[in-house]
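Peer 1: Take a look at the letters that make up each chain.
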Amino acid sequence: MSITASLTRAWRIAADIADPELPMLSIADLGILRDVRWEDGTVSVLITPTYSGCPAMSAIADDITAAFAAAGIAPVHVRRVLAPAWSSDWITPAGRRKLAAAGIAPPTPGSAPIACPRCASMETAMLSPFGTTACRALWRCRACGEPFDRFKCH
Amino acid sequence: MASSSIVFAGPPLAQYALRRADDALLLGHRLSEWCGQAPMLEEELALANIALDLIGQARLLYAYAAEIEAAGHDEDQLAYLRDAQHYGNLLLVEQPNGDFAATMLRQLLYSAYAWPYWQAMERSADATLAAIAAKAAKECAYHHRHAALWVVRLGDGTAESHRRAQQALDDLWMFTGEMFTADALEAPLITAGIAADPALLRPLWQASLDETFAEATLIAPADGWMQQGGRAGRHGEHLGHLLSEMQYLQRAHPGVVW
Ligand SMILES: [Zn+2]
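Just so you know, the sequences run in chain order A and B.
Quick note on our numbering: the first sequence kicks off at 1 and runs consecutively.
Quick note on our numbering: the second sequence kicks off at 1001 and runs consecutively.
Hints are supplied without guarantee of correctness; some may be wrong.
[What the hints assert, rightly or not] For the chain B half of the interface with chain A, some residues (derived, Cβ under 7 Å), not all of them: (1) Glu1042; (2) Leu1045; (3) Ala1046; (4) Asn1049; (5) Leu1052; (6) Ile1055; (7) Gly1056; (8) Gln1057; (9) Leu1060; (10) Ala1131; (11) Lys1135; (12) Lys1138; (13) His1146.
Note that these hints are calculated values from the structure, not bench results.
No residue lacks a Cβ here, since even glycine has one placed at the ideal position from N, Cα and C.
Given the sequences, and given the hints that come with them, work out the whole structure.
Peer 2: If you want it as C-alpha cells, here you go:
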C-alpha cells in the first residue's frame, strides 16, 4: 500500500472513534481529530481538547491506540496539539445534525434564539450556563416544558 | 524517595508558567471544596465545571514548565511535591472559600483579571503560552460572566446578601494589588513580548469591576495597604492547610497513580 493509501485508511480508523461524552458523534464530527500523518516511521494521530480540562482526552487517546491495534497498526503515536484552538466552529455540519438528532441544541453564535430540539419552539430559556459536561449548558423549552442540553458556543 | 519535596529549578520562562499554573490549580482546588456543598444543584455543576477548566489550564502550564525545566519532573510532581514557600500563586486564590458571597467575589476579582490577561497572552511571543492562552481566555470569559451575574444578584439582593457581598469585597481587596506588579524575574519577559504587562491590564480590570459593582450597588474599597509576596513564595497560613489536604495522598503513598 502506498503511504497515501495507508494514511487514508488510518484517517478512516481514527475518524470512526466515538467521543466518550457524546458517543453519537465521532471525534472527527466534533473537530477534535486534527490530522493523521507519518512521523519518524510511525503513524501519528493529532487531537486537540475542546476545553483545557476536558477529562475525555486520555480516554480518547486510549481508544485511538486500541482501534489501531485492532486494525493491526501498532505502535501509533497520539499527540495533543493546542493550536489552532478548538472552537465550536470546528463541529462539522454532520456533527451538528447528529447533536440535534440526539436532543442537544447545536452551538449558535451570540444571542441568536435557540430552537427546542424536541418541538422546535423558539420559546426557550437558559436554566444554567453550566451543564452535565464542560461543553454543555442547561436550557428549558417553555412550549413543551422539556429541559435540554445546549452545546456551548465557545 | 518520591515523597520528598522537590524544588523547581527551571529558567525564568518556566518559573513564569509555573506561577500561572499555581494560580489556576489553587483556585480550581478551592472551588472543588464546594463539591457536595453548593447552595443549589446548578451551582454544584457550575463550580465543578469552573474548577475543571482551571485545573485543566494548570495541567497544560505545569506540563510546559516541566518540559522547559527538563529535570524529569512531571505535572503531578510539580503540584503535589512542592512546599508552600515554593508556590508562586497570587495570594487572592489561596484565600478560603468563606460563604458563597466570598467565593463569588474572589471569583469575580480573579476572572476580571484572568480574562484580559489571557487575551493579552494570546499575542505572546512564546507559541505554547499563546496556544494555552487561546483556550484559557474563552474559559475565563465564561467564568467572569457567571461570577458577575452572582455578584449583582447578591449585592443588589437582600440586605443580608448585600452586607455579606460588601464584607467579602472589603476583606479581599488587599489581595488584588499584587496582580498588577511584575518582579525582576518577569520584567525581562515583558520586555521580550513573552509576558503580558500587568500594568496595562489594570484599567481593563478596573473598568469591568466598576460596571459590575455599579449594578450590584457595591462600593470598591479605596486602595490602601496591599498584601504582596505570593509570587515570591510568601504566603498566608491558609496555603499550608490547603496543601496538606491536596498533597496528602501523594505524600502518604509516594508515586501512587490512578
Ligand atoms: Zn419544546
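Peer 1: Does each hint fit the structure? Answer for all of them.
Peer 2: Okay, the hints, checked on the actual structure:
no., hint, verdict
1, Glu1042, "4 Å, holds"
2, Leu1045, "5 Å, holds"
3, Ala1046, "4 Å, holds"
4, Asn1049, "4 Å, holds"
5, Leu1052, "4 Å, holds"
6, Ile1055, "5 Å, holds"
7, Gly1056, "2 Å, holds"
8, Gln1057, "5 Å, holds"
9, Leu1060, "6 Å, holds"
10, Ala1131, "4 Å, holds"
11, Lys1135, "5 Å, holds"
12, Lys1138, "6 Å, holds"
13, His1146, "6 Å, holds"
Comparing the model with each earlier hint shows no violations; every hint is respected.
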